[in-house]
Amino acid sequence: MMEAQPIYWTHYVATCLFALGLLGFLIRKNAITVLMCLELMLNAANLILVELSMRTGTPDGIIMVVFVITVAAAEVAVGLGIVLNLYRLKETVELDAFKSLQG
Amino acid sequence: MKELFFIFFSLYTIAAALGVVLAKNPVYSAFSLILSFFGLSALYVMWGATFIGMIQILVYTGAIVVLFVFVVMLLDLGSVVTDHSHSWLTVMVSAIAVWFFSLLMLRTFNHTPLVAPATPLAESNTRLISQLLFTEYLWPFEILSIFLLALIIAIYALTRPDAADKRKVHP
Amino acid sequence: MTGLEWIILLSKLLVIYLTIVHVVPIMIWVERKGAALIQDRPGPNRVGPFGLLQPVADALKFLVKEDPIPNSVNRVLYAMGPFMTLVPASLIVAVLPVGDFFEVQGKSYFMQIADINVGLLYLLSISSLGIYGILFGGWASNNKYSLMGAMRSASQIISYEIPLGLAAVGAVTVYGTFSLREMALGQEGTFLAVLPRWGVFMQPIGFLVFFISAFAETNRLPFDLPETEGELVAGFHTEYGSMKFATYFMAEYMNMATISGLMTTLYFGGWHLPYLTDATLLGWLGGQRNLLAVLQFLIFFFQSCCLPAHFRLGALDGAAFPL
Amino acid sequence: MNTPLILMVLLPLAGSILNGLILRPHSAKRAGVIATLFSTGSFICALLLFFNLLQTGTPVQISTPWFTAGDLKLEWGLHFDWLTAVMALVVTGIGSVIHLYSIGYMAHDRSPGRFFTYLNLFLCSMITLITSDNLVALFVGWEGVGVCSYLLIGFWFEDIEKANAGIKAFVVNRIGDAGFLIGIFLCFQLFHTLNFVDMSAAISKLGGPGTSLGLWTLTTLCLFIGATGKSAQIPLYVWLPDAMAGPTPVSALIHAATMVTAGIYMITRMNFLFQFTPDTNLLIAFIGGLTALMAAFIATSQNDIKKVLAYSTVSQLGLMFLALGSGAYIAAIFHVMTHAFFKACLFLGAGSVIHACHEEQDIRHMGGLKKYMPLTYWTFTVSTLALAGFPLLAGFFSKDLILYSALQGKWGFLLWGLGSGASLLTAFYMARLHALTFHGEYRGHAHPHESPSVMTIPLVILGIGAVFAGYLGMPEAFHLLPDYIAEFLGHVVKMPAETEHLLPELTAMGIATSAAIIGLGIGYWFYLEPKRTEGLNSIMAPLRTLFANKFYVDEIYGFILVKPFKQFSLFLARIFDPNVVDAGVMFPAKLARMGGTALSFFQIGSAQFYLLVMLLGGLAVFWYCLKGALV
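Chains as they are written, first to last, in the working numbering: chain A, 1 to 103; chain B, 1 to 171; chain C, 1 to 323; chain D, 1 to 631.
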């Protein structure tokens, strides 16, 4: 088992993961990549959850992670469904193409 | 020895995540996503949560990323080479914003007082988790199952083949 | 980890992995012989006595032949494809409970390479990674048919993974643990006084489901749709030349081997012979724990090898197969 | 004794409501009879109260709480003391007579009902004015009278000039009323009460203005402005001549006897205040004198019979104010009474003349009416002589009293000169009027006839009044009759301190009578012979045109006041309003639209851009909240 690993190490990792995910989420134009970055963010959260739950000995964190994973799976399914439809609509998955709600 | 592994896997995961973001081709980003998930599950296992590590690979890598790859391949998006991102300005601004955001997050993480670090989970957590899952967290579990059922129906409705014809593809 | 333990670990690795690797050519040989027998033709008998060396010849051929890489192919993934199927297949071997334990200088070590308490889960998740090899292979070779072939086989594997998993869960509930080693131990002796405590007799239906989905997992008859269709020619690996093709081929058979290994652990008593408990065996061998370990090793492999035969037999009466 | 007091006030009101709202009679006869009955009823009540006052000697007082505002607790009080008695008798008496007269006058008018309603309403408001025991109730009556005068002047509103005359009267009165209001506010400010009795008590307690003389003078000045508005003095007299547009009984009642005297009554009622402000009194005297002289000058060259009488009223009022200014309140009230009689008689006479000549008002088209209308002629002559101040007639006594009282103080001689000049001219133009209308041959083309008895009886009554009214205030010098009016009003008005007069009383009286006789002589001499009239007109031609055009006062007013006012409002409408007000209103609207377009710049459609902005916003909030903790 991990001894009292300096606490901020995992946090750094998780934050970096989350930051990268968020960055990708904001920057990338391709819908699929955006969804992947979303997954990345979720996993960063999972990492923190697992690390803290193990560190404090409470199993609830792990349970949370289980739920997060199932919901993430659901989310991806719906996301991809939508992307599929978008693709059918406009032949492309570029997010910029979908500007119909422009102000 | 353990710290070494820990550091290695962390760096490995971050590198993979970077790959996801920067990859030109969605397939490559999917591939690096898989690698990052491996790194993550390694971290989980090193933290002792073996069950979650395995679930991570089984569910995430085994199923979700497959979905991604399926869609990418079916829609033949791979060929679209680069689509990088918006104008330089937006990239810069978002980078700064994300950087600032992570700083704040770190700030809060490091300053949240930890509950007394009780003894780490002794016996294999799979047993413990399953017990908890069916005693204390029964309700969420059941609701989740119904949720997944609804999901399946929704997905089918969303991507019905015949409905597609009605929504003719118009440029 | 002292030096000794390292050596033992390495030796275990070497022995088990090489056995698996060697089982593959034998299986190939047996299958070709079997198919020939069915089609009433002699089968490979040119090379070596009864064509035993034929697989070796094939292997040599593959190694030597020039490895063409089509130009419009996505370089990286094309190369990665075959290995992505081979790696998971070989990884699974680490978990198989080959034998009980043996002593060296008074310390007892497990025969298995690694006994982790989430063994079965590990096995399932790693096996599900094989799909990527096929997918990437098919997609990277950049021709529509190979892509279609890859898609079909991938979807087939995924869909059959679920029944496989459920059957495995059945086994878990019986043995009460994920760790394969305990499962194997659990199958010693007899129950109901008559039948040996093998999984088969405890969960016949579970075994049946597992058996069928195992076939699908490895694209064996009658589930080898990806290759046989006219337009699909050789399915996802049409574009692959020698070595890569060989790896795909090998990976496929290794998959078969490991799946059958899993089957023996779950249903055919790991390293237990029916009615003969370890104690009695030990008695016969005069308390030589190591000898017993070797014997268990042999039994395990004997059982896991003869199962592919069943595979083959199954293939024989494909039509009447009680699906 | 309370009921007759209440009755006196409410009877005319009842009459007007009956005529106006309930019965709405169409025939002049029925409406006239009802109106006259109600007004005579109130006259009888006035008589009862008068005799009661004579016997008991105590004024009747009723008051009901009216409203309280801050520390001002007001009661609506009816109060009948000596001063009110005199005025009430004059108002109700002459009012009833004129009601009787107007039955005949309005015989074939289209809407007599409406006329009598207004007439009764006027009478009621005049009585409330007189019987009120505090300034606010007085002001109510004051306004009521103003309204009724407007309604009556503009009675034939189809005719645009008459309607304009009505409006002019009302507007000018309003200006005066504004001054009056300010006066009331100042009174309250000074004495914290508006009730006359309390006010006089407060003043006597204070014993004089002391430090705040300026403030007291200002109060009295404002009150005087109100009076000039109502009683047509120099600045605000322009409305009275135009008020002749109304039917003649109206002019008789309102512009001769009652309303115009309201100002004088108010000042006399407030004499306890005016005593302490010598400068205002001087101002009043001067304005009175000037008005008298100027009006007399204008009257000499007027050709409309009613205009001449109107200007003569203005000048007589000037005389009354002269008296007030010099402190002779009793003389002023006495002159009010006598003037009411003969002026009403003159107006009614003029009315019957106009009636006879079929609405002919220009005296140049009349003449020689003596033969046709003997009764009107005789009453007219008596009143003319009384007005002119012919000895032993009403005018003589009251006018001499005023002129004699003016003879004091530094400016005594100048004031006296103004007054006697005015009375000389009065005699002259009255003689002119009398000669032109009744003597010589008839120049009009109608065929005049004597008015019906219902019109001539009031003439006779008023004629008798014109003769005998004077004997009430016989000066001691004659030692014939006690000076009733003096001791009667002595209860209310403190006699002015006996200052030495510049001339002995008898000599002053002698000069005045000689002036009257000379005036009459010249007048008759010139105007009886048409030949001599042309000679006189040609000599005085430039002066005559000046007087005829009323010193161009109306034009001057128009130029000074009306034009700039129009100009300013034009400016407001054309320039100020569109640019400043509209711009002010439109500006926020424009602002909103601009804001809208500015913001729409951000709606570029890309979802990720929105996400970025959201993130930035989140960050800002996050950072702001944690600012404390981060540090």
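Note that these hints are calculated values from the structure, not bench results. Among the clues, some could well be false.
[To be verified] Distance condition first, Cα-Cα at most 25 Å in a straight line; then the derived DSS-like pairs of lysine-lysine:
(1) B/LYS24 - A/LYS29
(2) D/LYS410 - D/LYS168
(3) A/LYS90 - B/LYS2
(4) C/LYS144 - B/LYS24
Keep in mind it's a predicted model, so treat the numbers as computed, not measured.
Comparing the hints with the structure gives:
Between the alpha carbons of B/LYS24 and A/LYS29 the distance comes to roughly 11 Å, so the proposed pair stays at or under 25 Å and holds. Distance check on the hinted pair: D/LYS410 and D/LYS168 sit about 38 Å apart at the alpha-carbon level, beyond 25 Å; violated. A C-alpha spacing of about 51 Å is found between A/LYS90 and B/LYS2, which places the hinted pair above 25 Å, so the restraint is violated. Note on C/LYS144 and B/LYS24: the hinted pairing holds, with a Cα-Cα distance of about 22 Å set against a maximum of 25 Å.
Consistency note: the structure conflicts with the earlier hints numbered 2 and 3.
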